[in-house]
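**Student:** Throw the hints in and build the complete structure from the sequences for me.
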Amino acid sequence: MGLVGIATEKILSSFSVFLFLTIILLAVARRISTSVLLFSLQSAIITAEVLATGFQEKLASAYLVGILIFVIKVVAIPRAFFVLTKRLKTVHDVKASTTPSQSVFVVAVMIYLSYAAVHSYGGAVRAPGDSLAAAIALILTGAFLMVSRKKALMQVLGLLVMENGIFLAALLTTFGMPLVIEIGIFFDILMGLLLMGIFMFRISDTFEHLDVSKLRRLRG
Amino acid sequence: MIPVLGAGFILLFRNPRFATRAALLVGALEVLALGAVIWQVHLQGELQEGRYLRADALSAFFLMSIAFVSGIVLIYSSGYLRHTGEGRFSSPRWFYALVFMFLFTMISVCLSANLGLLWIMMEGTTLASALLVGFYNTEGAIEAGWKYLIVCTVGIAFALFGTIVLYLAAVKAGMSPASGLDWISLMNAAPGMALDPHLVKLAFVFVIVGYGTKIGFVPMHSWLPDAHAEAPTPISALLSAVLLNCAMYALMRYDVIVSRTVGPAFSHTLLLIFGVLSMVVAGLLILVQRNLKRLLAYSSIEHMGIIAIGLGLGGPLGLLGALLHTFNHSAAKSLLFFGAGNVRHNMGTLRIDGIQGISRTMPQTSAALVVGGLAIVGLPPFSLFISEFAILSEAFAQAHYLVAALFLIVLSVVFGGFAYHLFRMLCGKPGRRPENARLIPSEYISMGIAALCVLYFGVRIPHFFNVLLHEAMAVLR
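If you're matching them up, the sequences are chains Z and P in order.
Mind the numbering: the first sequence is residues 1 to 220 in our numbering, read in order.
Mind the numbering: the second sequence is residues 1001 to 1477 in our numbering, read in order.
Calculated directly from the structure, the hints in this document are not laboratory data.
Quick caveat, the model's predicted, so the values are computed rather than measured.
Treat the hints loosely; a few may be bogus.
Below, simulated DMTMM-like cross-link-like pairs (lysine to aspartate or glutamate); rule was C-alpha separation at most 25 Å, straight line [what the hints assert, rightly or not]:
no. : chain 1 : residue 1 : chain 2 : residue 2
1   : Z       : LYS150    : P       : ASP1353
2   : Z       : LYS10     : Z       : ASP130
3   : P       : LYS1172   : Z       : GLU182
4   : Z       : LYS150    : Z       : ASP205
5   : P       : LYS1172   : Z       : ASP205
6   : Z       : LYS86     : P       : GLU1139
7   : Z       : LYS86     : Z       : GLU57
8   : Z       : LYS86     : Z       : ASP130
9   : P       : LYS1201   : Z       : GLU182
10  : P       : LYS1201   : Z       : GLU9
11  : Z       : LYS86     : Z       : GLU182
12  : P       : LYS1201   : Z       : GLU57
13  : Z       : LYS86     : Z       : ASP205
14  : Z       : LYS58     : Z       : GLU182
**Tutor:** Structure (structure tokens):
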């Protein structure tokens, strides 16, 4: 088989490792820009996986979805993040509530849990165990990021990582849902991000900061 | 057909300055259109439009709820907005445009035949209402809006995962990928999916957590008190009365599929757990509330718990009670929120200790609050008594004595709490003389309609409503 075929095989068998790498790096990232770049890299890896699957299974819709992911998650969203960071004049620190070593420990536990989960449900799906574990680990990491980072931008990033994980899980187990639904989901995510951007502007205008742990006026 | 109409009118609409009149017109048209759909469904059994839209008796029932509440909310808003200033995204124009987008997404939820479309539209409701929640641009409103957006989006992401797992189970059981998310096909193929109960159960767990976030089940309810309290009053009414019902509708659709596949025990047990938990926690928290709208928000959580218990019990009375309760709660809650809005407008604050003696200064509003308060705690002759009684009877009939006991205890606690708070507000020397305590026509009409409904339905249920109710129940069995 040709070069493309070999590349496809390599991608499919090893991409989960790269995803784990990005997860661990996200746990220790100290600047917002680094985290955004890692997210961009993650999305690029997922794009590669989508295109490789499309090539192998001869699914035309997979190509379209892959291109969509690339355009939206690898290019547009990170650009939007950078623009936002500049316009909001935020400090670059990620304001994590856990030290880097603690974060790595938590992420490692989560990776272990994802493998455990896949192992118990293992027979039900036809995807290789590694990739599914990667997807679940992404979801858990996204949740962890949302909880442990105090900047509004990082919360949104955590949400995006989570969506990445869910999307990957969907892709691996079912080779994608009907195309219209996928596009609808993308559209929703985009609108959601737009709204979050609007809100972030309002937060920084009203509160002069983007630290969501300080938004504690409403309680009880 | 109908959602497209709704959206189309919104676009027409950014231009005119006399937005309020246009809004009322569009609202009236919307209500008529919904009425037409409901009537057709009643005559024909069900309507199908293309691959993605479908209306059956259950949809018709919820659509009626939506039509009713949105009608009175629009009437109320026309008067309420007279004192809102301009601002980015904060003018009356934007208000109505956003409200109609919000309505569009909610109507589409009830009309979707495809679980994927259902999900997209549920996410859409969050997006459409987030700007409405943060409408006032105050510190509290922005915080509430952000929390709402984030928590609900995460919740919906979980629901997405659940939907995907269900799709997976369907495809594995042999359904074609294209129809794996179609509700009717899933209903028909349900017994076939019983070969893989674990996946279906997993799907339902994620779905109940996900959509439960939007319904306001404890412990996923953190956004609800903030959002309902900080939003403008008509929006709070819409959120409490309609959005929570739509989310419950989505959950119902999943519950039926899962019940057919692995038997009702699993999903119903989960529903009961969440329902009782929501009731108990919300009921207890009602006692310590200091803000009127937060009090009402926790009451909404409690009532959603009641509906969940009704669903979880199953059986004819349980289902009847649950469905009837969705409507009754909407009517009573709208009435209460309208009254609260009036209080806020006249007294300048919503803090319960800051409001005293309104029975003397604002007699009509306090009458509305009293009527609403009596209704919402479930006293006869109001309609909520009927639905709660039905659910309670079902609990006894099925020998779920613990559930019934908790139900009664929480209801008494809530009664006590409401009585306490209401008394503090009604009696005592009035602190501040409000400038204008009379109700203007828009408020009169909307509150009057809601109050009448609540009263009337407690005495007898109109025939047509009854028929629709039973048809909806038939779909759920």
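**Student:** None of the hints should be skipped; say for each whether it holds.
**Tutor:** Comparing the hints with the structure gives:
no., hint, verdict
1, LYS150/Z x ASP1353/P, "34 Å, violated"
2, LYS10/Z x ASP130/Z, "14 Å, holds"
3, LYS1172/P x GLU182/Z, "20 Å, holds"
4, LYS150/Z x ASP205/Z, "17 Å, holds"
5, LYS1172/P x ASP205/Z, "51 Å, violated"
6, LYS86/Z x GLU1139/P, "23 Å, holds"
7, LYS86/Z x GLU57/Z, "42 Å, violated"
8, LYS86/Z x ASP130/Z, "38 Å, violated"
9, LYS1201/P x GLU182/Z, "24 Å, holds"
10, LYS1201/P x GLU9/Z, "34 Å, violated"
11, LYS86/Z x GLU182/Z, "32 Å, violated"
12, LYS1201/P x GLU57/Z, "29 Å, violated"
13, LYS86/Z x ASP205/Z, "14 Å, holds"
14, LYS58/Z x GLU182/Z, "18 Å, holds"
Figure legend: structure checked against the earlier numbered hints; hints not met, in rising order: 1, 5, 7, 8, 10, 11, 12.
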